[in-house]
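*Asks:* Sequence:
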Amino acid sequence: MTDQTLKSEDDQRPRNAGAAITIRELATPVFYHWRKALIAFLIPVLLALAAATLAQPIYTAQSRLLILLGDDYVFRRSVGEDATGNPQTFDRAQIVHAEMEILGSREIREKTLTDIGLSRVYPKARPGPAGMNAALEQLGRDLTIENVPQSNTIEVRLRHRDPRVAADFVNRLVQNYIASRREIFQRADSAAVTDQQRGLSDQLAATEAQIADLSNRYAIGDYDQEVQGVQSQQTTLTAQLAAQDQLIATAAARANRLASQLHNSAGVISLNTDDTRSQQVTALTDNLMLLRERRRVAAARYADGYPLVIELDRQIADLENQIAAAPQSQTTLVRSGPNPVAQQIETQLATTRGELAGLQSGRAQLSDALGAARSRLASLVEIGPRYRELTRQRTLTETAYRSVAENAEDSRLQSSIAGANANVRVIEAAQPPTKARTGRLLILAAGVVVGTLAALAVIIVSAAASPVMLTPRDAEVRLRAPVLATVPLGEDDDSPLPRWRPLTSRLTADQAALILRRLRETADARAALAVIGPEDGVGVTSIALDLAMASAFRSGSETLLIDAEPREDASIAMAIHGLGGRLTNIPDSPYVLRVEDSNLYVTTPMTRTGSNISEARWRTFIDGMKARFPVVIVDTPSLQRSSAALLLAPLADLSVGVIEAEETRTAVAANLIERVTAAGGTVAGVILNMRRFHIPRFIYSRI
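Under this note's numbering, read the sequence shown as residues 56 to 758, first letter to last.
Calculated directly from the structure, the hints in this document are not laboratory data. In this text, a Cβ means the ideal position worked out from N, Cα and C, and glycines have one as well. Take the hints with a grain of salt, since some may be wrong.
[Unchecked claim] Pair ranges (Cβ atoms, derived):
(1) T489 / E192: 24 to 30 Å
(2) Q205 / P487: 51 to 57 Å
(3) A261 / A433: 26 to 32 Å
[Stated by the list, open to error] No farther apart than 20 Å at their CA atoms in a straight line, the calculated lysine to aspartate or glutamate pairs in the EDC-like style are these:
(4) K681 / E613
(5) K681 / E576
(6) K179 / E192
(7) K179 / E165
(8) K91 / E80
(9) K166 / E192
(10) K681 / E670
Please work from the sequences and hints to get the whole structure.
*Replies:* Given below as structure tokens:
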């Protein structure tokens with residue numbers, strides 16, 4: 056039972072749909088489908104019992120072999136040697152696994168079957184290749200070859216109905232195995248070794264000839280030294296050429312500078328010049344001396360300021376200015392000749408140009424030498440891969456030739472003493488077993504396991520495919536609506552019934568209080584609840600009466616129970632009256648009767664099956680009753696009998712569906728909820744009525 060309030064009409068999924076499943080919910084389908092599960096359990100168990108009864112004894116003969124680590128599994132390289140020069144050996148697990156492969160080979164098993172006799176080992180086998188193949192397949196299932204963990208021991212076991220045949224077959228198999236492995240490890244082919252030596256010798260000679268031809272063609276002594284020498288020469292020439300280019304650039308720049316200086320220098324210059332006193336200055340000086348003398352005479356004769364004296368002073372000043380302005384000397388003779396600086400520059404220019412020509416000639420020779428070195432290096436690089444490949448091939452061939460020669464000698468020595476050593480020891484020979492195994496307990500255990508799995512599968516499939524609902528969780532998951540109450544099916548009543556009650560009380564006080572609380576949460580003060588069932592017999596009237604009595608007697612609220620479209624002679628009012636209950640009319644409505652002066656009121660049969668009352672009349676009546684009574688419970692007819700429930704559900708504030716556990720099909724209950732919702736009603740949930748408890752009481756109380 057869940058206590059969930061729906062939030063909206065669209066949210067019809069219960070909140071606890073994903074809650075953990077209880078042990079009781081898991082155990083209910085087990086006890087409900089126990090007959091089917093028992094049949095599914097007994098069939099494999101009975102078959103296993105029959106197979107165990109018919110099972111024949113099987114004897115197992117075994118033998119143990121010790122594998123010694125000898126020279127058989129020492130690997131010596133036939134071409135070259137490893138880095139340490141030592142031969143390689145297999146580990147213990149690899150050696151034991153190889154021996155097991157030899158022991159379990161088809162050839163040895165077939166030879167052993169032939170030696171012992173195919174008809175003796177497998178009497179039902181047909182003669183010929185087909186019978187041998189079938190016998191080998193069966194032998195693969197009967198014969199077991201295993202390695203004892205952490206040891207060099209191999210254990211051989213054979214299961215057979217005849218203990219003597221099992222022991223003989225195992226011993227013969229071991230004998231054939233020892234003989235076969237001796238033949239395998241002693242195989243040698245000296246001719247092949249000789250041919251290998253001859254082939255390696257011819258290959259070595261051909262490689263030497265190719266190396267000699269390549270050395271003569273390209274004048275190579277030691278290839279690596281030759282390459283290093285050419286590379287060193289190329290490096291030196293490259294450095295010299297760079298230095299030569301620098302010298303040429305310096306000489307060319309110096310020559311250009313000297314040519315420019317020579318072009319700007321004069322070729323002929325004045326070598327010597329004769330200078331004398333200027334005749335103009337001499338004449339002016341003589342005139343000046345005469346004027347000064349005249350001025351002295353005039354000054355002595357005349358007073359200062361005399362015009363003659365003034366005129367003489369002016370003339371003296373003019374002569375002095377002319378003397379100062381006239382040149383003091385004059386060239387009388389000039390001697391000219393070649394410019395010695397130009398001659399020196401010309402000499403240096405000729406020398407520089409000669410050096411430049413020499414440097415350019417030297418650079419050309421260096422460039423030719425560098426080109427030759429590069430060509431030589433390119434040819435050496437081109438033949439390098441071929442030369443190194445031939446050298447490497449010669450080294451490998453020489454190493455292989457030495458290894459083949461050494462291994463051939465070792466093989467000849469080992470083949471002479473191979474027969475004296477054996478690396479397999481028989482620790483325990485097979486003896487005819489005295490104890491047999493039938494496997495009956497294993498067969499019975501397998502039957503019990505298969506039967507248990509089959510029973511569980513039947514329970515799971517039956518529970519998943521069941522059209523009815525067993526537990527409240529089934530109803531919530533399948534109908535996507537909460538289960539408001541779970542009413543068990545029983546004969547005893549925990550509470551005493553009033554003498555006038557026509558039906559036994561099944562709904563507990565807590566369950567009724569939960570549903571009424573849902574009703575009060577939906578409406579403010581006065582509310583109507585419609586109780587609807589998909590078909591007759593699910594207990595709609597009983598649930599409606601329980602809810603009405605709980606509201607009237609326990610809550611103390613005046614409650615009206617509307618009996619809508621009851622069956623003929625099956626109305627609640629008539630049943631109460633028939634049991635001696637006192638019904639009293641009330642002045643408010645002629646259709647309402649009061650029961651025993653209590654808070655419970657019932658209606659007279661409102662309509663009969665097949666009558667047609669409009670929705671407006673129903674609405675008017677129910678609204679009037681809601682105004683008179685705080686709680687109104689509507690006992691609606693089943694959808695199977697009448698569609699009046701679809702008219703009454705929208706008129707009520709809340710609707711509750713009643714389904715019968717293990718009887719009402721899921722599709723029918725889902726159809727009820729869908730139709731009520733489509734009609735405009737609000738389905739608060741369902742009541743799982745008349746639920747049966749299949750789990751025994753002593754088990755139910757402990758889980």
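*Asks:* Run every hint past the structure and note whether it holds.
*Replies:* We went through each hint and held it up to the structure:
1. Checked against the hint of 24 to 30 Å, the C-beta distance between T489 and E192 comes to roughly 29 Å, which is consistent with it.
2. For Q205 paired with P487, a C-beta distance near 30 Å fails the hint of 51 to 57 Å.
3. Hint check: A261 to A433, Cβ distance near 28 Å, so the stated range 26 to 32 Å holds.
4. The straight-line distance between the Cα atoms of K681 and E613 is roughly 11 Å, inside the 20 Å bound, and the hint therefore holds.
5. Restraint check: the Cα-Cα separation between K681 and E576 comes to about 16 Å, which is no more than 20 Å; the hinted pair holds.
6. For the proposed pair K179 and E192, the alpha carbon gap of about 14 Å is at most 20 Å, so the pair holds.
7. At most 20 Å may separate the alpha-carbon atoms for a hinted pair to count; K179 and E165 meet this at roughly 17 Å.
8. About 18 Å separates the Cα atoms of K91 and E80, which keeps this hinted pair within 20 Å; it holds.
9. Our distance criterion of 20 Å between C-alpha atoms is met by K166 and E192, whose separation comes to about 15 Å.
10. Between K681 and E670 the CA atoms are separated by roughly 16 Å; this keeps the pair inside 20 Å, and the hint holds.
In summary, the one numbered hint that this structure violates is 2.
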